[in-house]
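Peer 1: If you want the building blocks of each chain, they are given just below.
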Amino acid sequence: MNRVREYREKQGLSQFALSQKIGVARQTINLIENNKYNPSLNLCIRLAKVLGTDLNGLFWEEEDEK
Amino acid sequence: MKNKENFLTKCIKRFYGITGPLDEYKRQEINRIGNNSFIICWIYLMISNFIFFFCGYNHPGHAVIIYGGVNFIFLMSISFYIMIASYRSKITINEVSENNYKNEKRKIKYRMIISGIIFGLLIYLINPLTSVVVDHESYLNQIIHPTKRYLIQCILETVFWCLFMYLIMKNRTKKMK
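Chains as they are written, first to last, in numbering that gives the first Met the number 0: chain A, 0 to 65; chain B, 0 to 176.
These aren't lab readings, by the way, just hints derived from the structure by calculation. Note that the coordinates shown come from a computational prediction; the quantities given were computed from them, not determined experimentally. Don't take every hint at face value.
[Said to hold, decoys possible] No farther apart than 30 Å at their CA atoms in a straight line, the calculated lysine-lysine pairs in the DSS-like style are these: (1) Lys-48(A) - Lys-12(B); (2) Lys-9(B) - Lys-169(B); (3) Lys-35(A) - Lys-108(B).
This is chain A alone, in the form it adopts within the complex:
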């Protein structure tokens, strides 16, 4: 599982607000959060920038999480 939802909630953003900030549809954010869609590297970077973190923080799975 990625941590997009966790970081988004930390920032106090709704899915819609986040989607508007990075220029995608809300459904795309929903699909990413539910691991139903693998975003491109470009979109991952945009997500990380808006959520104030890096790619490792957002998408890297720790051993114990597996």
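Use these hints to put chain B onto chain A, whose structure you have.
Peer 2: Quick look at chain B alone, frame taken from chain A:
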């Protein structure tokens, strides 16, 4: 973040009925639906051309009429597939904020009126072609001196089409909190 849309992107969005941003997920789904449609079209064209080429040798008149009809049915079927596939992948949903909802509804109405006028004009110009072919009537005469019945028919068709499209567009627009 907004990217400028080029003409081709606008055409793609109009064809699939996408009103929000054309992001990478939507592009991926469009590519999938488009590829499936292309493969079906390619197979259909290959087989139908082969069959009607041989049929046309012995019965050219019948072959032309049947080919036209079959093409039309195929076109309707592939359009139906595209409509259902777009709906199921949720790429046609347009989510707007609560503040923007009224504005969006107004935009849909405006768009429907414009497209209704274009549709009405096209219907007005295309419908008399049937009478030209079937009843051998003059095309220009029908356009310049239309009967009352024909005018009412055109207006009704346009109104029905506008209402139908408006309901589809309104159904696709969702209010977000």
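Peer 1: None of the hints should be skipped; say for each whether it holds.
Peer 2: Right, here's what the structure says about each hint:
1. The straight-line distance between the Cα atoms of Lys-48(A) and Lys-12(B) is roughly 28 Å, inside the 30 Å bound, and the hint therefore holds.
2. Restraint check for Lys-9(B) and Lys-169(B): satisfied, since their Cα atoms lie roughly 20 Å apart, inside the 30 Å limit.
3. At roughly 35 Å between alpha-carbon atoms, Lys-35(A) and Lys-108(B) are farther apart than 30 Å, so this suggested pair is violated.
Going down the numbered hints, you'll see the structure goes against just number 3.
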